[in-house]
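Line by line, the protein sequences are chains Y and D.
Take the first sequence: its position 147, counted from the start at 1, is 147 in the numbering used here, and no numbers get skipped.
If you want the numbering used here, it's the 1-based position in the second sequence plus 154.
Derived from the structure by calculation, the hints contain no laboratory data.
All C-beta atoms, glycine included, are put in the ideal place defined by N, C-alpha and C.
Some clues are possibly wrong.
[What the hints assert, rightly or not] When the alpha-carbon atoms are kept at most 27 angstroms apart in a straight line, the in silico DSS-like pairs for lysine-lysine are as follows: (1) D:LYS175 - D:LYS242; (2) D:LYS242 - D:LYS214; (3) Y:LYS32 - D:LYS175; (4) Y:LYS32 - D:LYS226; (5) Y:LYS32 - D:LYS303; (6) D:LYS214 - D:LYS303; (7) D:LYS175 - D:LYS226; (8) D:LYS175 - D:LYS249; (9) D:LYS303 - D:LYS226.
[Unchecked claim] Sample of chain D residues facing chain Y (criterion: CB under 10 angstroms; computed from the structure): (10) LEU193; (11) HIS208; (12) PHE224; (13) TYR236; (14) ASP277.
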Amino acid sequence: MPFDLESLEAFLIRAKALTYASDGHLAAPSRKGAIDRIFQQGSFVYRDSLFDGQMAIGQEMVWFEDLPIWGENYYGQIHRPDLISTEMLDQILRRSMEHMYHELRFLGAYRQEYEGYVYLDTNTGDMNQFQGLQEITKNGKQVFTMYYHGGSIA
Amino acid sequence: MSPEPHLVQPDLTALESFILKAKSVSGRVSDANMAQNQLGALECVYTEGLYTFHGSYFGKVDQIGQELIFFKDSPIWGANHYAKLIDKQAFSLRKAEEVVAVSRSACYYQEHRFLGRWHYEVDGYSYEDDNSGDVRFFQGMQTISDGEKLLYLIYYHGGLIETALVES
Numbered sequence: 001m002p003f004d005l006e007s008l009e010a011f012l013i014r015a016k017a018l019t020y021a022s023d024g025h026l027a028a029p030s031r032k033g034a035i036d037r038i039f040q041q042g043s044f045v046y047r048d049s050l051f052d053g054q055m056a057i058g059q060e061m062v063w064f065e066d067l068p069i070w071g072e073n074y075y076g077q078i079h080r081p082d083l084i085s086t087e088m089l090d091q092i093l094r095r096s097m098e099h100m101y102h103e104l105r106f107l108g109a110y111r112q113e114y115e116g117y118v119y120l121d122t123n124t125g126d127m128n129q130f131q132g133l134q135e136i137t138k139n140g141k142q143v144f145t146m147y148y149h150g151g152s153i154a
Numbered sequence: 155m156s157p158e159p160h161l162v163q164p165d166l167t168a169l170e171s172f173i174l175k176a177k178s179v180s181g182r183v184s185d186a187n188m189a190q191n192q193l194g195a196l197e198c199v200y201t202e203g204l205y206t207f208h209g210s211y212f213g214k215v216d217q218i219g220q221e222l223i224f225f226k227d228s229p230i231w232g233a234n235h236y237a238k239l240i241d242k243q244a245f246s247l248r249k250a251e252e253v254v255a256v257s258r259s260a261c262y263y264q265e266h267r268f269l270g271r272w273h274y275e276v277d278g279y280s281y282e283d284d285n286s287g288d289v290r291f292f293q294g295m296q297t298i299s300d301g302e303k304l305l306y307l308i309y310y311h312g313g314l315i316e317t318a319l320v321e322s
């Protein structure tokens, strides 16, 4: 293997932190209607491609020397647009990501309370193979759910 | 000020019917062109009427994929999956793909559905599909075991995409 998992994980956390989480590194869309973000460091390239909105789907890929080596996809829905806006959702997700990336991780459980919303991230596995669920509730009502999964590919 | 546009969902019956058709035939209409922006992906495209299915798959053994359905050029539905060959000594990707293909086809043709629980046996291997939700929002897991050991798994999820809401 021409790269080690520690380098990949460090790259991933840096790439995730600098793209959607900080609303940076926008790039030309890879598919019509998608919002793409690219971050490159050395031989690693990261691309997040998202069809955004109240019902959103996305895919994050990492290439090493032009070979796809790792991927994650996610799908989320706002169930109660009367209780949460897409702007508030972005704020909550970005705050949570910022905390997790500060702890140099993107997996493992995480809970946050913000502006009356409770955000809960639960997942199993490690960066080689994982699946998880992000949920946001307000006053006990489920307002948002996102499923995600991914891992190494070869 | 003009009133807010009234947003409605697409015809879910027609959408579900197209998903089934596309999943049944897309393996046979594969277009191996590697797009510049999807470096290393195998892309499959199937069009019928105003609907287009676009599947994009990365990885040789362990794989990740995204399938999108476009209606009049707008993405309206998507499904993601991640597949892992758990026991690379005891089981081969070729056999895993055969078991999944035979089991899925049986579900499509016998039951005319792609969601809901499904169990199938192929050459002594046990295929299980367990999921929740419906075509609008779903998640699930497919597994292959030899009766005792887990050999292969696929996580998947998906549903409607924002642009599925069209102005009425």
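- Which numbered hints turn out to be false for this structure? 1, 5, 9, 14
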